[in-house]
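Engineer: Sequence:
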Amino acid sequence: MEERTQKAHIKKKAGKKVERKKENKFANAKKSSNPKAFTFQSAGKAEKTVRRNNDLGEKKLHVPMVDRTPLESPPVVIAVVGPPGTGKSTLIRSLVKRYTKHNLNDIKGPITVVSGKKRRLTFMECNNDMNSMIDVAKVADLVLLMIDASFGFEMETFEFLNILQSHGFPKVMGVLTHLDKFRNNKTLKTTKKRLKNRFWTEIYQGAKLFYLSGIINGRYPNMEIQNLSRFISVMKFRPLVWRNTHPYVVADRIEDLTDPELLHRRPNCDRTVTLYGYLRGTNLKPNMRVHIPGAGDHYLADISVLPDPCPLPDKERKRLDEKNKLIYAPMSDVGGVMYDKDAVYINVPGHFTKKSAYAPAEIKHNQDGTEELVEQEDEDMIPRGTGEKLVMDLQDAQDTLASQLEDSELRIFSGAAPVRAADVKESLEEDSKGRTRRRAVFGNEEEEYDDMDDDDDDVDDDNLMDEGDDDDDDDDENTPRRGTALSKFDTRNIPKKGEKEELNEDGQEPDFEFADSDSDLGGDDDDDEDMIMVDGRRKRSSADEDQDIAGELRWKANLQQKASEMFSNHRRTNLMSLIYNNLDLTPEDILNGNYGDEVGQGEDEAEDAEEEEFFKVKRENTNTAEVIDSSRDPIDFEELEEWDDEDTLDSIRNRFITGDINTGNGESAFAPEDDEEEGDFEDLEAVNNDEEADSEDGSKSKKRDKEAMIRDPMMVEREKIAKRKEELRKKYEEEFGDEDDGPKMDFYEKKKAEIEQQLEMNRLEFENDDLQTRAMVEGYRPGSYVRLLIREMPCEFVENFDPTYPVLVGGLLTTEDQFGWVQVRIKRHRWHPKILKTNDPLIFSMGWRRFQSIPIYSLNDGTRNRMLKYTPEHMHCLATFYGPVHTPNTGFCAVQNVADSKAASFRISATGVVVDISQSAEIVKKLKLTGHPTKVFRNTAFIKDMFTSSLEVAKFEGANIRTVSGIRGQVKKALPKPEGHFRATFEDKVLMSDIVFLRAWYPIKPRKFYNPVTSLLLSSKQKWQGMRTTGQVRKELNMHAPQKVDSIYKPIVRKERRFNALKVPKSLQADLPFANKPKQAAKSKKQSYLSKRAVVLEPEEKKIVTLMQQLNTLRNEKDRKRKIKNSERLQMVEKKRAKIAETNETKTKERRKDYFRKEQQKTTRAANATR
1 MEERTQKAHI KKKAGKKVER KKENKFANAK KSSNPKAFTF QSAGKAEKTV
51 RRNNDLGEKK LHVPMVDRTP LESPPVVIAV VGPPGTGKST LIRSLVKRYT
101 KHNLNDIKGP ITVVSGKKRR LTFMECNNDM NSMIDVAKVA DLVLLMIDAS
151 FGFEMETFEF LNILQSHGFP KVMGVLTHLD KFRNNKTLKT TKKRLKNRFW
201 TEIYQGAKLF YLSGIINGRY PNMEIQNLSR FISVMKFRPL VWRNTHPYVV
251 ADRIEDLTDP ELLHRRPNCD RTVTLYGYLR GTNLKPNMRV HIPGAGDHYL
301 ADISVLPDPC PLPDKERKRL DEKNKLIYAP MSDVGGVMYD KDAVYINVPG
351 HFTKKSAYAP AEIKHNQDGT EELVEQEDED MIPRGTGEKL VMDLQDAQDT
401 LASQLEDSEL RIFSGAAPVR AADVKESLEE DSKGRTRRRA VFGNEEEEYD
451 DMDDDDDDVD DDNLMDEGDD DDDDDDENTP RRGTALSKFD TRNIPKKGEK
501 EELNEDGQEP DFEFADSDSD LGGDDDDDED MIMVDGRRKR SSADEDQDIA
551 GELRWKANLQ QKASEMFSNH RRTNLMSLIY NNLDLTPEDI LNGNYGDEVG
601 QGEDEAEDAE EEEFFKVKRE NTNTAEVIDS SRDPIDFEEL EEWDDEDTLD
651 SIRNRFITGD INTGNGESAF APEDDEEEGD FEDLEAVNND EEADSEDGSK
701 SKKRDKEAMI RDPMMVEREK IAKRKEELRK KYEEEFGDED DGPKMDFYEK
751 KKAEIEQQLE MNRLEFENDD LQTRAMVEGY RPGSYVRLLI REMPCEFVEN
801 FDPTYPVLVG GLLTTEDQFG WVQVRIKRHR WHPKILKTND PLIFSMGWRR
851 FQSIPIYSLN DGTRNRMLKY TPEHMHCLAT FYGPVHTPNT GFCAVQNVAD
901 SKAASFRISA TGVVVDISQS AEIVKKLKLT GHPTKVFRNT AFIKDMFTSS
951 LEVAKFEGAN IRTVSGIRGQ VKKALPKPEG HFRATFEDKV LMSDIVFLRA
1001 WYPIKPRKFY NPVTSLLLSS KQKWQGMRTT GQVRKELNMH APQKVDSIYK
1051 PIVRKERRFN ALKVPKSLQA DLPFANKPKQ AAKSKKQSYL SKRAVVLEPE
1101 EKKIVTLMQQ LNTLRNEKDR KRKIKNSERL QMVEKKRAKI AETNETKTKE
1151 RRKDYFRKEQ QKTTRAANAT R
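For the sequence shown, counting from 1, position 760 maps to 760 in the working numbering; every step adds exactly one.
Any given hint might turn out to be false.
Stated by the list, open to error - Cut-off 30 Å, straight-line C-alpha distance, at most; resulting in silico cross-link-like pairs (DSS-like, lysine-lysine):
(1) Lys236 - Lys181
(2) Lys751 - Lys285
(3) Lys7 - Lys101
(4) Lys925 - Lys1035
(5) Lys181 - Lys192
I should point out that these hints are in silico values taken from the structure, not numbers from a laboratory.
All values derive from a computational prediction rather than experimental measurement.
Start from the sequences and build out the full structure, keeping to the hints where you can.
Structural biologist: Below is the structure:
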């Protein structure tokens, strides 16, 4: 039967129902137009709503902090954290593939990628190790918390969250993986909801939780990774307190620069290591002390800024191009190249040698009968990457570098015989100045040079041909030569802009021609201008006038000009002597070089006369324009005429010692010059009519008459006060601002404005300084890629380096170098199984450091710190230990062991903050001493068993003591004998049976123990073992705790006290009334009549007694029979219960057997089906 298509619904357009709807519609419209319909009905509700809105607005506000993030911020550190098997590596591979299109095989060390136009990301994978978790928590800006949804939350997740809370909580995003293991959608939905609620409980309500369904081709689905990457790209980060005040570097590359010869002689010597990474936090200053967690404290020997290996795009773009999607992962295998601690490894998949090296090529016979070698092409032989291509090209080298140098030839002149490197020999000679010089001898020229040693002209020719041996030694020893480092102020040997090397017609470089200096090798044809260097030397480029001369004779052309240029180039010009000793020279002549040979007039004239003809250089002044001497300020003679005026001279007269001192401060007793002498007002209307009269009055007013200008001292004092008030008002306005100017801001906005203003001032202060000056004063700015040189690094750091463990270089402030007693507020973690004991070592993570110390726990009762043997169960207490000093409110966490990574219990022992820093820690312990009286007088007693010597008694003289009954007393003085006894006074008479005790406070000193955790120096980073607790040592040695005899609990034996009878004197008894007289009669030795008499019953009484006995006997017999029947009945009930229990047990056994038999059959069938 065919299915009918359902007819579409047609709305009615007429009828009662439609009319009713229209009426309701208009009625609702009328209601909505009522302005009073949506207002508050009560003032209380309105007040609540306003208060709630204000609370929501205040919740968004936080304490304003200084954001020291530079304009070009460093990459954002994203830590991927989770237990093993949760998909950390897969997530990093997927994100790197999303951002850069690269496939990573091994993930080692930080991986930096460009994610956007203004953002870079650094991914780090955190190991399941307590040391790695602590270090990563200190530097991560964003944490991707991996959670296995099929298993649930694991202890490592909660441990890492507690570490984050102690060191500043960064942004956290949860990622649920292994969702493809759920077959039932209802179970999946319930699991997601349960994990989300638990995640929100630990982080905050509304924390972002991502779901990754499954793995496709070794990576997560592209759409899910794209959503995750978008959230990462737009996330904003708030500066954390610790990172905002400390510089730090996450090292992404390490090199060992130790001398190989030193390593060969002493393999275990300290190393010189360089660390590379992006600088984060605040400015890093030179020679700063740093701490490497796991390697200890070090000093920075050198800091240098390197080019950014993963730069942001230089232009503003709408989207990133493929060439801008960079990746920098030196410790991973990006592009087949991987950096290690002392080498660079090139990973070449497949063969490492060319196939032609071990397989002969095929021979192809052509049609014309010739033979041709045909190499076998293989797809595997084509170099795929940069590393493989480098290795393949290295195999093409037939000879070594030494053999190639020996076969190399040098042709000095075109057409001359070539010189081979093997023919050159070295001859060591000592010149007249005692300097050892090396002579290059070619072939059999040794004898010739021996004969020509005395010839001066030949020596000069040899010196001309010797390149760089003694050109500059005598003139300028500090001048850098080719091949040495140039200073930043030296302009020599730097190629000019646009200068290119000339090529021959064949595309090869031309042979070097003979040249007097490096500047004559060519390339200076375009620049004919003179150049004066910083050191005063002159460099002029000569035109190539003899291009048509043959190569053999070209070097002989213009010898005089070349020699003069070489002499002037290597000669330092003394500008001081030119300016001050030669008065005939004008500044223009000195600037243009038209000073001839006047410089050498002070030298030996005989030698100058011989050399002047050869070295004299004549230059024409081509610059006809007037040039101002920049070494002096220009003088304007018109301005000098101003000093002829008496008024101008009077303005500076008080600046000298003969003037009035108070005038410079504005406090002179003379009236100002602007005031009229006679106090008359100026008639502005009469200016045009009486110009001559006014000019005469003006000339008179310029002369100072001190006698007529003496002022009242009271007026001077008032002016001082008014000026001081004005200065105070200006200072107040600068500090607090004028309330009338601008809009009014609340406290939050005002603080943010002050912070922004201070940042802008700091930025403008160093804006015009060069980089070197800024680095010396301000330090190296965050965001730059730096190279840190550290000396005296332990050799184990390099030998046992593992790139999977983070290397963090944290800068230490000046106060953090000191060590002392640190007092912290600590609380045992509620999930830790055991309470903490005093003097048991703990490993603290505080600041950048991880160290072990011995804390002493205490409580402050208002007057003293009382020592505690154990930490309280659910309360904070104080702890004092020896360690590095940190500022108050610095968070920390503590663990008992970092080596036990497979512990079943929670590993975070305690958390807390630093409270105080003090060099002396006062912790006291309660001490209770007991004693007993030996002799008792009225208010005095002799006490024993409290002290053992008179010295101890002297120490406690004046101490307060008490008895058990509450009688207070005081220690007075020791008795001569016996030793340890003393005399004490009390408020009342004490008894011999009283116990006297003394409550004292004994000072306790913590132990000076500081043991840094050096996990990076071990081959196995998870096996660092510090000081063990006493319990651990006894357990490993199978020892029992020693018991003191005094500490053993003993049974309390109390003597029975016998009180004496009260004896009242007979004289007093006579006066007492009868009721108060003692009536304790003494026991008589003879029996009285009452005790001797016999009682005989009457017959009626006997019957009554006999009847009562019979009734009691019957009742007792009934009770006995009833008890027997009850016991028999109970026995029967027990037998029935035992029988029923036996039957139930038998049936249960049968049911269990049937169940397991069926399960075994199912398993067997499933196994057979899979086969």
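Engineer: Next step is simple, just say for each hint if it's right about the structure.
Structural biologist: Verification of the hints:
no.	hint	in the structure
1	Lys236 - Lys181	violated, 34 Å
2	Lys751 - Lys285	holds, 28 Å
3	Lys7 - Lys101	violated, 53 Å
4	Lys925 - Lys1035	holds, 29 Å
5	Lys181 - Lys192	holds, 13 Å
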